[in-house]
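With chain P fixed as given, assemble chain S onto it according to the hints.
Single-letter residue listing:
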Amino acid sequence: MFEEIGTTTEGDLIINVGPQHPATHGVLHLVITLNGETIKKVEPHLGYIHRSIEKMCESLTYRQFIYVTSRMDYLSAHINNHACAMCVEKGMQIEVPERAQVIRVIMDELTRIASHELWWGAMAMDIGAFTPFFHAFREREKINEIMEETCGARLTMNYYVPGGLMADLHPDFQKKVKEFIVLFKRKIDEYDELVTGNIIFINRMKGVGFLSKEDAISYGCSGPAARGSGVNSDIRKLYPYAVYDKVQFDEVLETGCDSLARYMIRIREMKQSIRIIEQLIDNIPEGDFQAKTKAVLKLPKGEFYTRVETARGELGVYIVSEGGTTPYRIKFRSPGFSNLSALDHMARGSKLGDLVAMMGTLDLVIPDIDR
Amino acid sequence: MFIVKYIKDVFGGLKSLLIGMRRTGYYFTHHKEIITEQYPDNRDTLVLADRFKGEVVMPHDENNEHRCTGCTACELACPNATLKVVTKFDITPEGKKKKAIDKLVYHLELCTMCNLCIVACPSDAIVMAQTFEHSVFNRADLTKILNNPGSKIMDGVE
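First to last, the sequence lines map onto chains P and S. Be aware that the first sequence starts at 1, since it is given in my numbering, and climbs by one per residue. Be aware that the second sequence starts at 1001, since it is given in my numbering, and climbs by one per residue.
Pulled out of the complex, with its shape left as it was, chain S reads as follows:
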């Protein structure tokens, strides 16, 4: 009885290995389909999803105008103090003082891409960009100012 069981085990084991090897052989002979990303060779054709959370940017239009009112909603929503709004007072043509942003400081090194600032923004002034190659040689380069120099707020955005 022992001998029969032993031989059965040996051949059963051999069969199980051959079943596995058949699958391996299938993929060995059917290697037309490349499933890995050929990064960085495909950098020119690489398309990321529209919603991919790469970094926070502030879009500007052709007149160098943005939509940020300086309400600090993003600053309050951020869990890591990544965003810092610095405000100033503009003088309107009527001679009145008006609050506007001086700069929106963004610390990329603290950002966890949680998207809470984008959701909190009432005027859609900031969006997520699809960049992902963030490495720099100097740590100070990760601190960014999101609004362009000399930019001002769009007309009609309150």
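Extracted from the complex, chain P is given alone in its bound form:
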């Protein structure tokens, strides 16, 4: 089968990494053509965790389909739900109350920190450091507890509904988030001591997985993968949604174009997320947490598209409506798919051991890529 592709020559070795391999995240299947230890080609094979979420959504109503999207990028479940809720609100022209929008932004940023923390632990574990995983999960547990208290679940929360939120905040929410901010500001410096400054870590990351600015744009990369190459791609800045235009934060940019730059982007992004939460946590306006909506939602005939910035990049939701209670067609533009497509370009010519570092900094979540 692989001979037909025509890239292999005499003496080349084809190995499979995945779908069930400790070095890959989730069930990613990579077919790698090797010449000695030098990578000639990386071919991602998808389909192992395909659940046809887009087709499933066509048979669910506009209230029901939102919960399914938590299962795509399960590490930023809130942000996925936000994109879908926003798309339905755009079609129905629902005005979301200010309180709901502020809470949504706080929840999104908490999710972003939780996602980046898991990435930080898993990435360091890929490189060979084992304890950072426990350090990261210690702080992530605090976010999970906050989520459990307000949303009722730790991973697939389903807290956003078209028109606002499912329930109001838990009375302890603000107190716990403030405690978390104080704790996290102290701990993030420990992360730098443990991993960022480490000489072994820097040597394994610097210059590995070079992706130039032009290539990042042409491959459609978004999120930290693109910003590591100096591309302005933060949807929160470019196309502000919710209350992102009212808060002060910097779009983090690095010009290193390598794995270390993408690593630094995420570490600095966590600090920016904390900055956003700090501005909003004391200024949650009073009012309704949900707008009055009709019992049965029917989007008018037409096409609707919204995009948000998840922890991995740009997530777009495209709904085609025929005027009924269910969407005619739904398409998700997931960030991981485009970022993964750049892996082959990055990896060619480098050594097999560096592939793990590249995959780590792309922050791949396979259910998001495969849907």
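Honestly, the hints are just simulated from the structure, not real lab data. Where is the CB? At the ideal position from N, CA and C, for every residue including glycine. Treat the hints with care, since some could be wrong.
List of simulated lysine-lysine pairs, PhoX-like, C-alpha gap at most 25 Å [said to hold, decoys possible]:
| no. | chain 1 | residue 1 | chain 2 | residue 2 |
| --- | --- | --- | --- | --- |
| 1 | P | Lys206 | S | Lys1096 |
| 2 | S | Lys1099 | S | Lys1084 |
| 3 | P | Lys294 | P | Lys41 |
| 4 | S | Lys1032 | P | Lys187 |
| 5 | S | Lys1099 | P | Lys206 |
| 6 | P | Lys176 | S | Lys1008 |
| 7 | S | Lys1032 | P | Lys206 |
| 8 | P | Lys40 | P | Lys206 |
| 9 | S | Lys1099 | P | Lys187 |
A partial selection of chain P residues facing chain S, derived with a Cβ cut-off under 8 Å [what the hints assert, rightly or not]:
| no. | residue |
| --- | --- |
| 10 | Lys90 |
| 11 | Met92 |
| 12 | Ala153 |
To list a few chain P residues with every Cβ distance to chain S over 12 Å, as calculated [as the list claims (entries may be wrong)]:
| no. | residue |
| --- | --- |
| 13 | Leu60 |
| 14 | Arg99 |
| 15 | Glu139 |
| 16 | Glu145 |
| 17 | Val161 |
| 18 | Ser218 |
| 19 | Tyr239 |
| 20 | Asp245 |
| 21 | Met264 |
What follows is chain S alone, placed relative to chain P:
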């Protein structure tokens, strides 16, 4: 020049490792605080959040009465056909026929704990319970009937 850079790199690298080891040493010597849940040893004292979505239950009062009118709002709201309302006709004391639920069948194996049925219920007849140990030996045990046998609807709930 090369030698100077080489020595600088070696000592700089050594310093970075020592900084990391200092942090590791701190946690090695300060291990009083246990941050992990000692499950299942703490099962008696384990308290979950009030809103934790464990499974759907139907609360009954001391007279074995529930609040479900059998309106099928939960059945329509559910994305996975987890809930199924089976209705029957009761004869009221005046001799009229009145619609009431026979049983509310709940498939725990299909449930994703999305909370949509709880939000949809107009009479607050079902709530989320904070249980989480759902494993059973037989798959049929996951299909539950939420209303107690012989239960009937509370007075005043329409």
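Right, here's what the structure says about each hint:
Proposed proximity of P:Lys206 and S:Lys1096 is contradicted: the alpha carbons are some 81 Å apart, above 25 Å. A C-alpha spacing of about 16 Å is found between S:Lys1099 and S:Lys1084, which places the hinted pair at or below 25 Å, so the restraint holds. Among the hinted pairs, P:Lys294 with P:Lys41 is inconsistent with the structure: their alpha-carbon atoms are about 53 Å apart, more than 25 Å. With a CA separation close to 18 Å, the supplied pair S:Lys1032 and P:Lys187 stays within the 25 Å bound.
Restraint check for S:Lys1099 and P:Lys206: the C-alpha separation of about 72 Å exceeds 25 Å, so the hint is violated. Under the criterion of a C-alpha separation no larger than 25 Å, the hint pairing P:Lys176 with S:Lys1008 is inconsistent with the structure, at around 45 Å. Annotation: proposed proximity of S:Lys1032 to P:Lys206 is violated, straight-line Cα distance about 38 Å (limit 25 Å). Between P:Lys40 and P:Lys206 the alpha-carbon distance is near 21 Å, which keeps this suggested pair within the 25 Å criterion.
The straight-line distance between the Cα atoms of S:Lys1099 and P:Lys187 is roughly 60 Å, outside the 25 Å bound, and the hint therefore fails. Interface hint status for P:Lys90: violated, as the beta-carbon distance to the closest one in chain S is roughly 21 Å, over 8 Å. Restraint check, P:Met92 versus chain S: the minimum CB separation of about 18 Å is more than 8 Å; hint violated. The criterion of a C-beta within 8 Å of any C-beta in chain S is met by P:Ala153, whose closest approach is roughly 5 Å, and the hint holds.
With a least beta-carbon separation of about 5 Å from chain S, P:Leu60 fails to lie farther than 12 Å from that chain, contradicting its non-interface assignment. Against chain S, the non-interface label of P:Arg99 holds: every CB pair exceeds 12 Å, the least being about 18 Å. With a least beta-carbon separation of about 10 Å from chain S, P:Glu139 fails to lie farther than 12 Å from that chain, contradicting its non-interface assignment. At the 12 Å boundary, the C-beta of P:Glu145 falls inside the reach of chain S, the nearest C-beta of that chain being 8 Å off.
Distance check on P:Val161: its Cβ comes as close as 8 Å (rounded) to a Cβ of chain S, failing to clear the 12 Å threshold; non-interface status is violated. With a least CB separation of 36 Å from chain S, P:Ser218 remains clear of the 12 Å interface cut-off, as annotated. Listed as a non-interface residue, P:Tyr239 keeps its Cβ farther than 12 Å from every Cβ of chain S; the least gap is roughly 29 Å. Taking the minimum C-beta to C-beta distance to chain S, about 30 Å, the non-interface status of P:Asp245 holds against the 12 Å cut.
Once the 12 Å rule is applied to beta carbons, P:Met264 is consistent with being away from chain S; the minimum gap is 16 Å.
Going down the numbered hints, you'll see the structure goes against 1, 3, 5, 6, 7, 9, 10, 11, 13, 15, 16, 17, while the others check out.
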